[in-house]
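A.B. asks: Below, each chain spelled out in residue letters.
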Amino acid sequence: EDQVTQSPEALRLQEGESSSLNCSYTVSGLRGLFWYRQDPGKGPEFLFTLYSAGEEKEKERLKATLTKKESFLHITAPKPEDSATYLCAVRPFSGGYNKLIFGAGTRLAVHP
Amino acid sequence: DSGVTQTPKHLITATGQRVTLRCSPRSGDLSVYWYQQSLDQGLQFLIQYYNGEERAKGNILERFSAQQFPDLHSELNLSSLELGDSALYFCASSPRGGPGETQYFGPGTRLLVL
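Sequence lines, in order, name chains A and B. The first sequence maps to residues 1 to 112 in my numbering. The second sequence maps to residues 1001 to 1114 in my numbering.
Hints listed in this document are in silico derivations from the structure and should not be mistaken for laboratory results. There may be inaccurate statements among the hints.
Covered by chain B, per the in silico footprint, the following chain A stretches (three or more residues, Cβ under 8 Å) [said to hold, decoys possible]: (1) 10-18; (2) 32-39; (3) 55-65.
Once the Cα atoms are required to be at most 30 Å apart in a straight line, the calculated DSBU-like pairs of lysine-lysine come out as [claimed, not checked]: (4) A:Lys69 - B:Lys1009; (5) A:Lys79 - A:Lys63; (6) A:Lys68 - A:Lys57; (7) A:Lys68 - B:Lys1009; (8) A:Lys42 - B:Lys1057; (9) A:Lys79 - A:Lys59; (10) A:Lys57 - A:Lys69; (11) A:Lys42 - A:Lys57; (12) A:Lys59 - A:Lys42; (13) B:Lys1057 - A:Lys79; (14) A:Lys79 - A:Lys57; (15) A:Lys63 - A:Lys42.
Note that the structure is predicted; figures quoted are calculated from it, not measured. Even glycine gets a Cβ: it sits at the ideal position worked out from N, Cα and C.
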């Protein structure tokens, strides 16, 4: 069964304290792995798409990496405005449609 | 702002009632997706449409139905509502609905069933 697990469930950081969020997945082939950011009561905001092991993408203080079994979202010198829930989703290989399977998310709180 | 719009933002109704949620995709996108987000289930895929036709179904209840119109907007109809249907409902869109395409999400409709 296709599955996505994110860890930790919640993370509290001090401003400037770098860390990583983990997304491990079990799928029948991978057509894409997606990272989204979600603020409370808002829609998920697209961050990155990764397609193959070894791929990396960067945007401001965020960097996403992908291996054959997991992805990491590295946050460098975070600021309070980075506080949000970070969602990981995978698009399995099977089927011609574009269904995403989401993890439960990591709630990140960055304190000044 | 993703370019995906959803109305209404909030909806409060009673058990047994029927409601319609509306979504307009980003300009140029032909595929629309509906997701449900509840506290205990996370984001769950419901259904996908491409250019007016149903493309894929996920964990959508028989009491729920959707359609995509010629102008590409989509509606999600929820009937015989139960307390457990209270959730955030999101619409997303992508250009052609193909595998690996990025989906852009709307702001959501918060449904409360009393």
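A.B. asks: Name the hints, by number, that the structure is in violation of.
C.D. replies: 1, 3, 4, 7 and 13
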